[in-house]
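S.K.: For reference, the chains in residue letters:
Number of protein chains: 2
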Amino acid sequence: MTETRVPILFLGLGSVGGALLRQVLDTRAVLARRTGLQLSPIGLADVSGLLFDPDGLSAETLQAALEATQNGRLLNSLPGVRSLACVDGALQAGPILLDLTASTETRPVLQAALEAGCSVALANKIPLAGPWDQAKPFFEHPRLRYEVTVGAGLPVIAGLRYLLDTGDRVTAIEGCLSGTLGYLCSQLESGVAYSAAVTQAGSLGYTEPDPREDLSGRDVARKALILARTAGWPLEMADLTVESLYPASLASVSAQDFVGAMSALDEPYAGRIREAQANGRVLRYVARVNPEGGSVGLAAVPKESSLAALRGPANHVAFHTARYDEVPLVISGPGAGPEVTAAGVLGDVINLALRYHLPQATDRAEERS
Amino acid sequence: MTETRVPILFLGLGSVGGALLRQVLDTRAVLARRTGLQLSPIGLADVSGLLFDPDGLSAETLQAALEATQNGRLLNSLPGVRSLACVDGALQAGPILLDLTASTETRPVLQAALEAGCSVALANKIPLAGPWDQAKPFFEHPRLRYEVTVGAGLPVIAGLRYLLDTGDRVTAIEGCLSGTLGYLCSQLESGVAYSAAVTQAGSLGYTEPDPREDLSGRDVARKALILARTAGWPLEMADLTVESLYPASLASVSAQDFVGAMSALDEPYAGRIREAQANGRVLRYVARVNPEGGSVGLAAVPKESSLAALRGPANHVAFHTARYDEVPLVISGPGAGPEVTAAGVLGDVINLALRYHLPQATDRAEERS
Chain A
1 MTETRVPILF
11 LGLGSVGGAL
21 LRQVLDTRAV
31 LARRTGLQLS
41 PIGLADVSGL
51 LFDPDGLSAE
61 TLQAALEATQ
71 NGRLLNSLPG
81 VRSLACVDGA
91 LQAGPILLDL
101 TASTETRPVL
111 QAALEAGCSV
121 ALANKIPLAG
131 PWDQAKPFFE
141 HPRLRYEVTV
151 GAGLPVIAGL
161 RYLLDTGDRV
171 TAIEGCLSGT
181 LGYLCSQLES
191 GVAYSAAVTQ
201 AGSLGYTEPD
211 PREDLSGRDV
221 ARKALILART
231 AGWPLEMADL
241 TVESLYPASL
251 ASVSAQDFVG
261 AMSALDEPYA
271 GRIREAQANG
281 RVLRYVARVN
291 PEGGSVGLAA
301 VPKESSLAAL
311 RGPANHVAFH
321 TARYDEVPLV
331 ISGPGAGPEV
341 TAAGVLGDVI
351 NLALRYHLPQ
361 ATDRAEERS
Chain B
1 MTETRVPILF
11 LGLGSVGGAL
21 LRQVLDTRAV
31 LARRTGLQLS
41 PIGLADVSGL
51 LFDPDGLSAE
61 TLQAALEATQ
71 NGRLLNSLPG
81 VRSLACVDGA
91 LQAGPILLDL
101 TASTETRPVL
111 QAALEAGCSV
121 ALANKIPLAG
131 PWDQAKPFFE
141 HPRLRYEVTV
151 GAGLPVIAGL
161 RYLLDTGDRV
171 TAIEGCLSGT
181 LGYLCSQLES
191 GVAYSAAVTQ
201 AGSLGYTEPD
211 PREDLSGRDV
221 ARKALILART
231 AGWPLEMADL
241 TVESLYPASL
251 ASVSAQDFVG
261 AMSALDEPYA
271 GRIREAQANG
281 RVLRYVARVN
291 PEGGSVGLAA
301 VPKESSLAAL
311 RGPANHVAFH
321 TARYDEVPLV
331 ISGPGAGPEV
341 TAAGVLGDVI
351 NLALRYHLPQ
361 ATDRAEERS
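So the sequence lines, in the order shown, correspond to chains A and B. When we follow our numbering, the leftmost residue of the first sequence carries the number 1, and every step to the right adds one. When we follow our numbering, the leftmost residue of the second sequence carries the number 1, and every step to the right adds one.
Hints listed in this document are in silico derivations from the structure and should not be mistaken for laboratory results. C-beta: ideal position from N, C-alpha, C; glycine also. It cannot be assumed that every hint is accurate.
Stated by the list, open to error - Residues of chain A clear of chain B, computed beta-carbon distances all greater than 12 Å:
#1 R82
#2 W132
#3 A278
#4 S295
Said to hold, decoys possible - With the Cβ distance kept under 8 Å, some of the chain B side facing chain A (calculated, not the full set):
#5 Q23
#6 D26
#7 L154
#8 A158
#9 Y162
#10 S306
#11 A314
#12 V327
#13 V330
#14 I331
#15 S332
#16 G333
#17 P334
#18 E339
#19 A343
As the list claims (entries may be wrong) - SDA-like mimics (lysine to any residue), calculated; alpha carbons at most 20 Å apart, straight line:
#20 K136/A / A238/A
#21 K303/B / R281/A
#22 K303/B / P302/A
#23 K303/B / S190/A
#24 K125/A / E140/A
#25 K303/B / E304/A
#26 K303/A / G280/B
#27 K136/A / T35/B
#28 K303/A / S186/B
#29 K125/A / T230/A
#30 K136/B / P234/B
#31 K303/B / A308/A
#32 K303/A / G312/B
#33 K136/B / R33/A
#34 K125/B / P338/B
#35 K136/B / R34/A
#36 K303/B / V301/A
#37 K136/B / T35/A
#38 K303/A / R272/A
#39 K303/B / G312/A
#40 K136/A / P234/A
All chains, full assembly: derive it from the sequences and hints.
M.R.: The structure is reproduced here in structure tokens:
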């Protein structure tokens, strides 16, 4: 089989970017044998600059970049790093562009990439969760994928697209979309105090340095919005009601003061847990969307339900459709972590490459038979 | 966008074939607009013969065929039907061939189709569940798909392939793969006697006319074998232990005598339910496979587990992998029914057509940007 070289360009080389680069290097021989695709990293960028070679970065350079970022150094600690302004030029090599950042600044380069004929895979939710008129072109573009923005490596977006592609009508989507808040609910349920549970989640690396980033529900709301928009419902963030897991009065204090004030929330949340248990229910942080809008917040779900069966950081997404009306189609499992997230991006890369980078389909079919 | 005509040829026009033909007709305008694919049914075959037009069967002919088969008539009740021997010639039109039968006889035509450069989508499990040396070429062929052979419309095979494609290592697969036996377990659990539950399942259309087809576990074993072989484990049926839900002494009596003898099984199964409940467990008909072999049969699972949370005919498949090690990736939902099964075949058809029937990928990318 003839091999087709597929250039890829990384924006962001944090935990997901590093895991993905390693997966690409580990799997590319097998992938080339099975599909004829030869993945070739031509560029690596972080906030400090760009390492770029249109013919593919050498194994030594890739290794040095992995080691640098693992040790907390930026790419500009390595020789040969160019200015970030060179990314636009790098798009001329026709790579699949990967946005593995959590940045609000990548929208222009994503647009430029699509206009230049490149494909794009996003782990970054921000470009998809802004105002609809800005996000719409991304949802409608055939060469842009974003599987891992919901449920990390779980094939949630793929499952939804499959329903839509085969003509099903989605009526509602609900689920637990945050591993962090899932863990928190599990801990509260087993009697751990709110303040202790948040602290534990932090020391396990489940929360951002400021836990309010997670507790606010904003990240879950972004995922709910991405699901809704994928389903074809052009909702805005304002169409979702979002319950924060801390009071508004603690929104503007410092992170340190927030941690100090958390114990005041122990009793109120313990009370909500007791109230749910008295009704044969358990609390889960649930996102629900339908064509009119949605909500994100704590919900008391029956003890026998599949949401109640979730343990710790597992995610769970249920699609209610015309065909799956009485019992929904459900995809569940761990919905966080650099390895599974990177794997999901790799899945997007493979799909894009198979669809847009291989030479004429008919020839290929003949070659293989 | 230029439209590409994609001929498709149906083998089997039962409940799944009929639902699929209707879905193709209902969705093809939308599909053409979104993807440029114009699905064109060129042939319909059942045991009685073949309706064929290489330029696409007319709307009137398709409608007449649907009406005939819905009313229990065979295709040879319609004018213009050819001998089944003409199917081989019809392959020269390069269709996607759909095996929607449950026949043991289709293997040669599937092979001929692949050799002629056609793509193939199977709802029929038989060609994939025979001896490995016969089934192997189908599992290894890039232009053959079989999503609905496990879990009907649930994206179970797609989920497994995604794990493998992205370099994950699957260590074990387990789940409830039979809507019929899931329903039976639910009924037994809620106190219904074995004989009454089997009779109910029959009157709901969940079982074959002879319920032993389902109760034997053979169909579940075929699905387990298909999962194992997809995972890359070349198992044979003999590598699976299969528990039948009736004793060997009732294997060779007539269907009528079996129904008469069922009540003798009420007490033994009620006893097993009680025993499980006394241990805080519930019975589920569970399939388990790993690289060495597997088992299919009743298992007592903890009341809080996600298998226990299954109700009625829902299916549930859990993938344990290197990346999903502590908590598996799970896909669940209703795993039977003509509409969702047909939708899964349509998904295969769309994927095959996008990959092998569209003109040169690069041109297409440019057209769209």
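S.K.: Evaluate each hint against the coordinates.
M.R.: Do the hints match the structure? See the list:
{"no.": "1", "hint": "R82", "verdict": "holds (26 Å)"}
{"no.": "2", "hint": "W132", "verdict": "holds (20 Å)"}
{"no.": "3", "hint": "A278", "verdict": "holds (19 Å)"}
{"no.": "4", "hint": "S295", "verdict": "holds (23 Å)"}
{"no.": "5", "hint": "Q23", "verdict": "holds (6 Å)"}
{"no.": "6", "hint": "D26", "verdict": "holds (6 Å)"}
{"no.": "7", "hint": "L154", "verdict": "holds (6 Å)"}
{"no.": "8", "hint": "A158", "verdict": "holds (7 Å)"}
{"no.": "9", "hint": "Y162", "verdict": "holds (5 Å)"}
{"no.": "10", "hint": "S306", "verdict": "holds (5 Å)"}
{"no.": "11", "hint": "A314", "verdict": "holds (5 Å)"}
{"no.": "12", "hint": "V327", "verdict": "holds (5 Å)"}
{"no.": "13", "hint": "V330", "verdict": "holds (5 Å)"}
{"no.": "14", "hint": "I331", "verdict": "holds (6 Å)"}
{"no.": "15", "hint": "S332", "verdict": "holds (5 Å)"}
{"no.": "16", "hint": "G333", "verdict": "holds (4 Å)"}
{"no.": "17", "hint": "P334", "verdict": "holds (5 Å)"}
{"no.": "18", "hint": "E339", "verdict": "holds (5 Å)"}
{"no.": "19", "hint": "A343", "verdict": "holds (4 Å)"}
{"no.": "20", "hint": "K136/A / A238/A", "verdict": "holds (16 Å)"}
{"no.": "21", "hint": "K303/B / R281/A", "verdict": "holds (16 Å)"}
{"no.": "22", "hint": "K303/B / P302/A", "verdict": "holds (14 Å)"}
{"no.": "23", "hint": "K303/B / S190/A", "verdict": "holds (17 Å)"}
{"no.": "24", "hint": "K125/A / E140/A", "verdict": "holds (16 Å)"}
{"no.": "25", "hint": "K303/B / E304/A", "verdict": "holds (9 Å)"}
{"no.": "26", "hint": "K303/A / G280/B", "verdict": "holds (15 Å)"}
{"no.": "27", "hint": "K136/A / T35/B", "verdict": "holds (18 Å)"}
{"no.": "28", "hint": "K303/A / S186/B", "verdict": "holds (17 Å)"}
{"no.": "29", "hint": "K125/A / T230/A", "verdict": "holds (13 Å)"}
{"no.": "30", "hint": "K136/B / P234/B", "verdict": "holds (8 Å)"}
{"no.": "31", "hint": "K303/B / A308/A", "verdict": "holds (12 Å)"}
{"no.": "32", "hint": "K303/A / G312/B", "verdict": "holds (18 Å)"}
{"no.": "33", "hint": "K136/B / R33/A", "verdict": "holds (18 Å)"}
{"no.": "34", "hint": "K125/B / P338/B", "verdict": "holds (15 Å)"}
{"no.": "35", "hint": "K136/B / R34/A", "verdict": "holds (16 Å)"}
{"no.": "36", "hint": "K303/B / V301/A", "verdict": "holds (17 Å)"}
{"no.": "37", "hint": "K136/B / T35/A", "verdict": "holds (18 Å)"}
{"no.": "38", "hint": "K303/A / R272/A", "verdict": "holds (15 Å)"}
{"no.": "39", "hint": "K303/B / G312/A", "verdict": "holds (18 Å)"}
{"no.": "40", "hint": "K136/A / P234/A", "verdict": "holds (8 Å)"}
No hint from the list above goes unmet by this structure.
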